[in-house]
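Use the sequences and the hints to build the structure in full.
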Amino acid sequence: MNQQHILKSIDEASKVIGKTWPLYSFVTSNPLSGYEKLPFVEAVDIAKGHLNAEMFLEASLYRKAWTLGEIGEEELVALLNENGLSKSPEFYLQLMESQKRTEAKNSNHDLDRIMAKWLAAFMDEGLAEWEMPNKKDGFYKAWRTLAKYDGEILVKNNLEIPKTSSEALAQVLKNFSKEDYVNIFTYHLAALPGWTGYINYRSESNSLWQQAYPISLEDYLAVRLWIAQQINTPILLQSDHGERDNTIAKLQYIWLKALERSWQNQLVKTLEKESIAATPSEKADCTPDAQMVFCIDTRSELIRRHVESKGNYETFGYAGFFGIAMDYENLNDGLIRKSCPPIVPSAYTVTETAQAAKVKEKLGYERKNEIIKFAEYFLKRMKNMLPSAFGYVEGSGFYYGLSLLARTVTPGYFYRLKKNNTSSYETICEPQINRNEPQEGDSFGIPLAEKVAIVKSAFDLTGWKDFAPVVLFVGHGSHSANNPFGSSLDCGACAASPGRHNARMLANLANLPNVRAVLASDHGINISESTIFLGAEHNTTTDEIVIFDSEVPNSHKEQLRQVKSDLLNAQRTATQDRLGTNRDSVALAQRKANNWGETRPEWGLAKNAGFIVAPRALTKNENLDSRCFLHSYDWEMDATGKALEGIMQGPMVVTQWINNHYYFSTVDNNKFGGGSKITHNITGKFGVVQGNGGDLKMGLPLQSLRQSDDEIYHQPLRLSVLIQAPITRVTDILSRNENLKTLLDNEWIYLMVMDPLQDDDIKRYEKNFKWVSTKKKSIVKEKYAINAEVSVAD
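If you're matching positions, the sequence shown starts at 1 in the working numbering and goes up one per residue.
Calculated from the structure, these hints are not laboratory results. Think of the CB as a built atom: it goes at the ideal place given N, C-alpha and C, for glycine as much as any other residue. Among the hints, a few may not be true.
Between beta-carbon pairs, the in silico distance windows are [claimed, not checked]:
#1 Thr287 to Asp333: 41 to 49 Å
#2 Lys360 to Leu512: 45 to 53 Å
#3 Ile276 to Asn554: 41 to 49 Å
#4 Ala212 to Lys273: 53 to 61 Å
#5 Ile235 to Lys163: 52 to 60 Å
#6 Ser550 to Glu12: 48 to 56 Å
#7 Thr427 to Asn482: 22 to 30 Å
#8 Lys269 to Ala212: 50 to 58 Å
Straight-line distance between alpha carbons at most 27 Å, and here's what the computed DSSO-like set of lysine-lysine pairs gives [stated by the list, open to error]:
#9 Lys362 to Lys607
#10 Lys135 to Lys163
#11 Lys163 to Lys117
#12 Lys741 to Lys37
#13 Lys557 to Lys358
#14 Lys677 to Lys273
#15 Lys156 to Lys8
#16 Lys8 to Lys136
#17 Lys163 to Lys141
#18 Lys37 to Lys250
#19 Lys741 to Lys48
#20 Lys141 to Lys156
#21 Lys250 to Lys48
#22 Lys37 to Lys677
#23 Lys557 to Lys310
#24 Lys310 to Lys465
#25 Lys64 to Lys465
#26 Lys607 to Lys48
#27 Lys8 to Lys250
#28 Lys163 to Lys451
#29 Lys456 to Lys607
#30 Lys117 to Lys148
#31 Lys677 to Lys607
#32 Lys362 to Lys141
#33 Lys250 to Lys770
So this is what it looks like as structure tokens:
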């Protein structure tokens, strides 16, 4: 019975940690996801106590926003008054500034260092040449066997240590009451949230490494608490939670809300203007020369504007996994990786098969790839094996020096050289989709009905019914050199994989004659024989769009040539816009992509603040500064509300993950972020530590969020969602989805609805289905002391 209570207590305590995703699949997620059932302000207060972390921006950055007019006076004063605070904003700003941030001394430094050492050895995923023995027995048993060789924990014989993790926990906890268990476990899980977050990830994902070398939070706590007892480190420290003065935190929260409300007001003003400007003639049917479906990613907002300005082109926004819940087997390394949101179970696996006339080319590509892989393996062994390491380094040092010099002085040239001389299997292969769990009667691929459902879903969710001669599904991926966090710049909707695989698969399905036939006969979706679907990829570092068009019929080649020409022009103007230069902007982007010393190849999703679910007409004529996720949606084509419900259940939740990941990585980069890239060290192939050890970094590096130590680039705001749809439809969806209502009621996310049945009036959701109009109202201000020189003591 006590063992069951221990396990239940571990589960309860684990809410304090999120998931630390591996570098090769770096998914952004809310580090406080375990607290989403609590109001945001309560959750951050509890987490602050457990993690000793900052939860809001430093006061100097609120002052800067106030000085720049990014915080509206009317919004701020109203919020202060609501909370019974009647003095001037300047008074409260000075009060916040008087509270200097201090970093508490870690009383468990030795225990943390010992644990980090053992975790790094056990959880290594192929970086170390010599593997820790007995890993197949699991973390606790492997540690127990070797513990006597660790001089820091003073064990003479492993017989001194309990045989199992459950026995070890029972022994350590025998002098504590059951009521203390959760506090003990919470404290020790929170001590190394990066490492425990990675244990959490491995356990829940049941990765291949986890299957081969199992580790659990129970194992971790058993080892940690037994070592703590052995070296006389306190097992239970009394928390000061509830004893702290929360005055400053209250003020910080008010200023955050004022900043968020002010940003929302500006967004509402912009969209209301566009709603009025969208005349019927602009909404009339007019077949474009080409249509392109981009990911909802904030970086797509910029490239869509520039593509649309280059010709008669229509763009859509759709979650970048293109509605295919799949794993993807890469032809280059044979590894199977998830290529859909982590919250979605993978139903399919997509592989590459040779195009009908290119079987020999595929075999040749595979042979060449095997040679390259062997050469890389051989060079790695030469560098790392003790007998050959010194000779190899001396013999090859001159050539490595030349390579580093060239990559430093002319990175853009080497980027273009490598690109032009690298063959792509997409030119000789086509994607093949299969069920992960074949059903009886399946012989090959998936049933026609499922293929139709995947394609139809794309059209339903985007509100799309008319098709141009050329349609591109444009996934996205990033390119950078010497960047451990490279996958964080790839597609968030594809579990930090490039979206090209999903885009090619959807195009392949949409081109099938039998799929089109069923769409027409059963669903009234008529696709002309003259329409061709193609996969493509947007490189978010260089803004190049590559089209996978090896099998385009002659009838479309001239059209495609014009599209490619216009996309090159779009790349030029987009890079000028993004990089702030009119001179050689494409070359500059290519240099940043291949510069091995570049700490910031691109900004990723920094500055994200909004998610707009509406037709493109609502945002087409506005520069949203890459701050909004854009999902196409036409409420008139969604009579049942099913499509909108899918968007709210999926993309809206995923963008909230992304938003909170950026938020917390910014407000406390040391605890929730990745620290500075300058002193990163890769450990185990899956993560980084700062310097020579310590906790595993769980979030985004400093350089992805700040322009300097004193100047932020990402402004941490909670996500504001705006949906154009009847408000009754949105309310109905929320009433059926308690998890979505909870996120809104607890202010992890904001929601505004532009109701087309009420002259596009925009209302803001408040707790328990209360809707408040966003139209500007005159707010009667209570008098407050206006004195710029007032002292904090006053």
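Structure-based check of all given hints:
{"no.": "1", "hint": "Thr287 to Asp333: 41 to 49 Å", "in the structure": "holds, 42 Å"}
{"no.": "2", "hint": "Lys360 to Leu512: 45 to 53 Å", "in the structure": "violated, 25 Å"}
{"no.": "3", "hint": "Ile276 to Asn554: 41 to 49 Å", "in the structure": "holds, 46 Å"}
{"no.": "4", "hint": "Ala212 to Lys273: 53 to 61 Å", "in the structure": "holds, 58 Å"}
{"no.": "5", "hint": "Ile235 to Lys163: 52 to 60 Å", "in the structure": "violated, 21 Å"}
{"no.": "6", "hint": "Ser550 to Glu12: 48 to 56 Å", "in the structure": "holds, 55 Å"}
{"no.": "7", "hint": "Thr427 to Asn482: 22 to 30 Å", "in the structure": "holds, 28 Å"}
{"no.": "8", "hint": "Lys269 to Ala212: 50 to 58 Å", "in the structure": "holds, 56 Å"}
{"no.": "9", "hint": "Lys362 to Lys607", "in the structure": "violated, 42 Å"}
{"no.": "10", "hint": "Lys135 to Lys163", "in the structure": "holds, 16 Å"}
{"no.": "11", "hint": "Lys163 to Lys117", "in the structure": "holds, 21 Å"}
{"no.": "12", "hint": "Lys741 to Lys37", "in the structure": "holds, 10 Å"}
{"no.": "13", "hint": "Lys557 to Lys358", "in the structure": "holds, 20 Å"}
{"no.": "14", "hint": "Lys677 to Lys273", "in the structure": "violated, 42 Å"}
{"no.": "15", "hint": "Lys156 to Lys8", "in the structure": "violated, 33 Å"}
{"no.": "16", "hint": "Lys8 to Lys136", "in the structure": "holds, 26 Å"}
{"no.": "17", "hint": "Lys163 to Lys141", "in the structure": "holds, 7 Å"}
{"no.": "18", "hint": "Lys37 to Lys250", "in the structure": "holds, 20 Å"}
{"no.": "19", "hint": "Lys741 to Lys48", "in the structure": "holds, 25 Å"}
{"no.": "20", "hint": "Lys141 to Lys156", "in the structure": "holds, 16 Å"}
{"no.": "21", "hint": "Lys250 to Lys48", "in the structure": "holds, 13 Å"}
{"no.": "22", "hint": "Lys37 to Lys677", "in the structure": "violated, 34 Å"}
{"no.": "23", "hint": "Lys557 to Lys310", "in the structure": "holds, 19 Å"}
{"no.": "24", "hint": "Lys310 to Lys465", "in the structure": "holds, 23 Å"}
{"no.": "25", "hint": "Lys64 to Lys465", "in the structure": "violated, 47 Å"}
{"no.": "26", "hint": "Lys607 to Lys48", "in the structure": "holds, 24 Å"}
{"no.": "27", "hint": "Lys8 to Lys250", "in the structure": "violated, 33 Å"}
{"no.": "28", "hint": "Lys163 to Lys451", "in the structure": "violated, 52 Å"}
{"no.": "29", "hint": "Lys456 to Lys607", "in the structure": "violated, 33 Å"}
{"no.": "30", "hint": "Lys117 to Lys148", "in the structure": "holds, 15 Å"}
{"no.": "31", "hint": "Lys677 to Lys607", "in the structure": "holds, 20 Å"}
{"no.": "32", "hint": "Lys362 to Lys141", "in the structure": "violated, 46 Å"}
{"no.": "33", "hint": "Lys250 to Lys770", "in the structure": "holds, 24 Å"}
In summary, the structure is inconsistent with hints 2, 5, 9, 14, 15, 22, 25, 27, 28, 29 and 32 from the numbered list given earlier, while agreeing with the others.
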